[in-house]
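Undergrad: Residues per chain are reported as follows:
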Amino acid sequence: ETGVTQSPTHLIKTRGQQVTLRCSSQSGHNTVSWYQQALGQGPQFIFQYYREEENGRGNFPPRFSGLQFPNYSSELNVNALELDDSALYLCASSFGGAGELFFGEGSRLTVL
Amino acid sequence: GQSLEQPSEVTAVEGAIVQINCTYQTSGFYGLSWYQQHDGGAPTFLSYNGLDGLEETGRFSSFLSRSDSYGYLLLQELQMKDSASYFCAVRSTGSARQLTFGSGTQLTVLP
Numbered sequence: 001e002t003g004v005t006q007s008p009t010h011l012i013k014t015r016g017q018q019v020t021l022r023c024s025s026q027s028g029h030n031t032v033s034w035y036q037q038a039l040g041q042g043p044q045f046i047f048q049y050y051r052e053e054e055n056g057r058g059n060f061p062p063r064f065s066g067l068q069f070p071n072y073s074s075e076l077n078v079n080a081l082e083l084d085d086s087a088l089y090l091c092a093s094s095f096g097g098a099g100e101l102f103f104g105e106g107s108r109l110t111v112l
Numbered sequence: 113g114q115s116l117e118q119p120s121e122v123t124a125v126e127g128a129i130v131q132i133n134c135t136y137q138t139s140g141f142y143g144l145s146w147y148q149q150h151d152g153g154a155p156t157f158l159s160y161n162g163l164d165g166l167e168e169t170g171r172f173s174s175f176l177s178r179s180d181s182y183g184y185l186l187l188q189e190l191q192m193k194d195s196a197s198y199f200c201a202v203r204s205t206g207s208a209r210q211l212t213f214g215s216g217t218q219l220t221v222l223p
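Chains A and B are the protein sequences, given in the same order.
To convert, note that position 77 of the first sequence is 77 in the numbering used here; the numbers rise steadily by one, no gaps.
Just so we're on the same page, the numbering used here is the position in the second sequence counted from 1, plus 112.
Since the hints were made in silico from the structure, they are not lab data.
Careful, some of the hints might be misleading.
As the list claims (entries may be wrong) - DEER-style ranges, computed between Cβ atoms:
1) B:Gly113 - A:Pro70: 32 to 38 Å
2) B:Glu168 - A:Ser27: 27 to 33 Å
3) A:Gly3 - B:Thr169: 17 to 23 Å
Idealized CB from N, CA, C, for every residue including glycine.
Given the sequences, and given the hints that come with them, work out the whole structure.
TA: In structure tokens, the structure reads:
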């Protein structure tokens, strides 16, 4: 158990809809990063938040957006869902961003 | 950018030793990490090499050669519970120091 919790664990959406995924970071961690993991692939970096500011972004379009709250919890929002957005979305917390990542169990999104 | 290569599958028997190799290409390098992920589970941190050489943590060891852009994870005294996917990952030079993961190696441990 890493202390990182994500919700919901599974969800099904249709193309064009919007989704919000939530993450509570491990106590004492001030940095949250989000990764997308397609089936059979490694996690791909979406973006990272440090003290409520986005401080890094991977190769994902603007319809992927996020927030970090004062308690360091975080949200990932995806607008205009596409079929290729079907994946496991992983949240990871760390202290300062350069250390070991502690991952949650993920939210599995299916887009029909 | 970064790219990593690792074998897609490895099979070994209980009690054996297995080595999972990882080669990488990166424009900047801050170290090589290894993560384990069981089916449907969260990736969990195993090891980190920031400098050349061997790091040992119990049954797991990891090695790095920065001059060869190469590393490996060594698992000794394999147990059935070691069946999982193993990912190598390099940390970028960007402001977020984000990890770039390889595609993973599926390790199957047979009785």
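Undergrad: The structure should be examined with respect to each hint, and the outcome stated for every one.
TA: We went through each hint and held it up to the structure:
1. B:Gly113 - A:Pro70: 32 to 38 Å: holds, 34 Å
2. B:Glu168 - A:Ser27: 27 to 33 Å: holds, 29 Å
3. A:Gly3 - B:Thr169: 17 to 23 Å: Roughly 20 Å apart at Cβ, these two residues keep to the hinted range, so it holds.
Going down the numbered hints, you'll see the structure goes against none, and every one checks out.
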